[in-house]
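Asker: One letter stands for each residue in the lines below.
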Amino acid sequence: MFIKPSILMVIIACTGTVFSSTTQAEVAVIVNSANAAAISDSDLSRLFLGKLKQFSSGNKAIPVNQKFGSNVRKEFEQKVLKKSSRQVKAYWSKRLFSGKGKPPKELSSDQDIISQVASDKNAIGYVDASKVDDSVKILRKF
Amino acid sequence: MKIKSNIFAMGSCLLLSSISNIATAEVNLNGFASIVAGVTTASDEQLYGYDDNIDFKNDSLFALQASSDLENGLGVTAQIISRGNNDWDPKFEWAYVSYDANDNLRFLAGRQRAPFYMYSDFLDVSYAYPWITPPNGVYNLLFDSFDGLGMLYTSTLGEFDATTHVIYGKNNTEITLLGETIKPDFKDLTGLSISLNRDWLTLRGAYFQADMTMPFEFLQPLKDGWAQAGFADISNDVVAEGDKATFVELGLQIDYNNYLLNAEYTKLKLDHTAFGDQKSYYVMLGKRINEFLVHITYGKDDDSKSDFTQSVPFGVAPSLDFLKATTQQIIASQKADEKYIIAGVRWDFHDSAALKFEYTSFNNKLIDNDANLFRVALVTVF
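Chains A and B, in that order, are what the protein sequence lines are. Per this note's numbering, the very first residue in the first sequence carries number 32; after that it's consecutive. Per this note's numbering, the very first residue in the second sequence carries number 9; after that it's consecutive.
It cannot be assumed that every hint is accurate.
What the hints assert, rightly or not - Partial list, derived from the structure: chain A residues whose beta carbon lies under 7 Å from chain B: (1) K84; (2) S88; (3) R117.
Stated by the list, open to error - From the derived model, a few chain B residues whose C-beta atoms are all more than 10 Å from chain A: (4) A33; (5) V133; (6) E182; (7) E188; (8) T189; (9) A240; (10) R296; (11) V320; (12) S341; (13) Q342; (14) D359.
Since the hints were made in silico from the structure, they are not lab data. Built from N, CA and C at the ideal position, the CB exists for glycine as well.
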């Protein structure tokens with residue numbers, strides 16, 4: 032109300048100029064081959080936001096994350112969590128500093144996540160769809 | 009983001025080999041900080057502790073949180089905050105032991121945050137919300153943390169994730185208010201908050217009550233005066249001694265397609281005391297544009313106290329007239345009719361830090377006083 036219009040113009044002009052372009056790659060959500068659980072899109076999002084801690088089978092679910100800033104993570108956050116990387120970061124800082132939970136463990140590559148999921152019945156992860164091999168089960172692609 | 013230290017060494021020093029499996033617990037250290045500079049726009053303006061000399065201490069803070077998961081659902085968390093307005097003296101804001109009975113039920117014991125408001129859980133973590141600090145009009149209870157017990161229960165209600173937080177405890181932290189440093193006593197602090205969240209929508213409600221004692225010396229002569237004059241009820245109503253305080257909060261958050269709407273309403277009642285009842289609300293609209301968040305907030309505070317000396321007429325005796333006049337002055341001083349507008353921009357220029365610019369225009373209608381405050385903040389989590 033009391034901001035000068037000229038300041039607002041500058042703010043809008045600045046914010047309008049920054050557009051990001053990311054290359055679109057398909058993201059595959061993967062679980063252990065022994066995991067027969069079904070999972071809805073919204074439960075998938077809740078799992079990676081720490082709101083859901085079990086698969087539909089009742090088994091404990093341990094999500095593993097890609098590294099902050101990686102393209103596949105940005106893609107996943109945008110398509111599945113429907114949030115930008117920074118919104119996700121702010122979300123986890125709320126959970127962390129309110130003692131309500133810690134973000135999923137981060138692994139540094141698609142390969143690390145595939146091996147983790149292949150060896151842990153409870154793990155769920157996501158990787159670049161072109162990197163998946165048959166040591167894990169693809170739950171869904173985005 | 010995370011520093012891990014293995015405290016196994018410490019455990020073995022203590023030669024407690026039998027419980028060394030406990031002593032190997034990993035400690036996670038995280039932190040957050042706000043560096044805030046602020047200045048009012050004219051020499052006769054003061055707001056939230058700022059004046060027309062630029063200040064760097066008022067809202068600046070630095071915090072460390074240490075937490076450790078022990079075996080079998082047990083965990084410990086401590087949060088230490090150094091605040092500029094407290095000469096950077098570090099204080100334990102939180103220090104509690106938690107026990108996860110299962111994935112949905114957690115018990116907390118120790119010093120912890122009372123879930124009074126929508127942003128209580130991360131009140132000091134400016135990185136987690138749009139403003140530099142949440143609107144002062146609503147966020148102004150005398151304390152934010154308490155010592156006692158808490159229970160957190162998460163469940164699903166239809167399509168909603170529900171969080172219920174129940175607490176019981178007390179707070180008796182020394183405060184400086186109305187020119188006196190006192191040790192108040194808020195005991196039997198009891199209440200709960202319920203929060204419902206689904207995708208872009210969060211709804212929240214809370215109710216708390218406490219048995220409140222605030223031993224202000226300046227009220228003592230009035231209390232004694234009314235008692236000697238034979239008005240026991242008024243004597244009791246002047247002071248806060250074991251009086252019931254109640255607090256209600258309602259909150260709404262919408263975060264849809266990069267449009268934000270946040271609103272919160274609070275009502276504080278301090279019956280049978282000379283302290284004002286407070287009704288406050290704010291509404292914030294925001295728009296996220298890439299790394300920027302532009303927001304505007306309108307807020308209002310309405311404080312009042314009904315005149316509990318009404319039954320005593322003027323002109324009976326000079327001593328009574330004096331008591332009544334003095335008491336009415338105090339009652340009048342509790343009234344407030346305030347509005348404010350906050351316009352701000354948050355710029356997420358870095359993965360773990362944001363820069364915030366905020367302009368607050370404040371109006372106190374009762375004394376026809378305006379104040380304008382400009383603040384800049386660098387906020388971070390690490």
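Asker: Minimum Cβ separation between S341(B) and chain A greater than 10 Å?
Answerer: holds (28 Å)
Asker: Can we confirm that no CB of chain A comes within 10 Å of the CB of T189(B)?
Answerer: With a cut-off of 10 Å, T189(B) remains clear of chain A, as the shortest Cβ separation is near 30 Å.
Asker: Go through the hint on S88(A) and say holds or violated, using the shortest Cβ distance to chain B against 7 Å.
Answerer: violated (14 Å)
Asker: Say whether it holds or is violated: V133(B) keeps its Cβ farther than 10 Å from all Cβ of chain A.
Answerer: For V133(B), whose nearest Cβ neighbour in chain A is about 5 Å away, the distance does not exceed 10 Å, so it is violated.
Asker: Could you check that no beta carbon of chain A comes within 10 Å of the beta carbon of R296(B)?
Answerer: violated (8 Å)
Asker: Would the non-interface assignment of A33(B) survive a Cβ cutoff of 10 Å against chain A?
Answerer: Holds, since 14 Å exceeds 10 Å.
Asker: Does K84(A) pass the interface hint, meaning its C-beta sits closer than 7 Å to a C-beta of chain B?
Answerer: holds (4 Å)
Asker: Find the nearest Cβ of chain A to the Cβ of E188(B) and say whether that gap is larger than 10 Å.
Answerer: holds (33 Å)
Asker: May I ask you to check that A240(B) keeps its beta-carbon over 10 Å from the closest beta-carbon of chain A?
Answerer: Answer for A240(B): holds, closest chain A Cβ roughly 45 Å.
Asker: Hey, does D359(B) actually stay past 10 Å from chain A on C-beta?
Answerer: Not fine: 7 Å to the nearest Cβ puts D359(B) too close to chain A.
Asker: If I take the minimum Cβ distance from E182(B) to any residue of chain A, is it greater than 10 Å?
Answerer: Nearest chain A Cβ is 25 Å from E182(B), so the label holds.
Asker: Next item in the hint list is R117(A). Is there a CB on chain B closer than 7 Å to its CB?
Answerer: holds (5 Å)
In summary, the structure is inconsistent with hints 2, 5, 10, 14 from the numbered list given earlier, while agreeing with the others.
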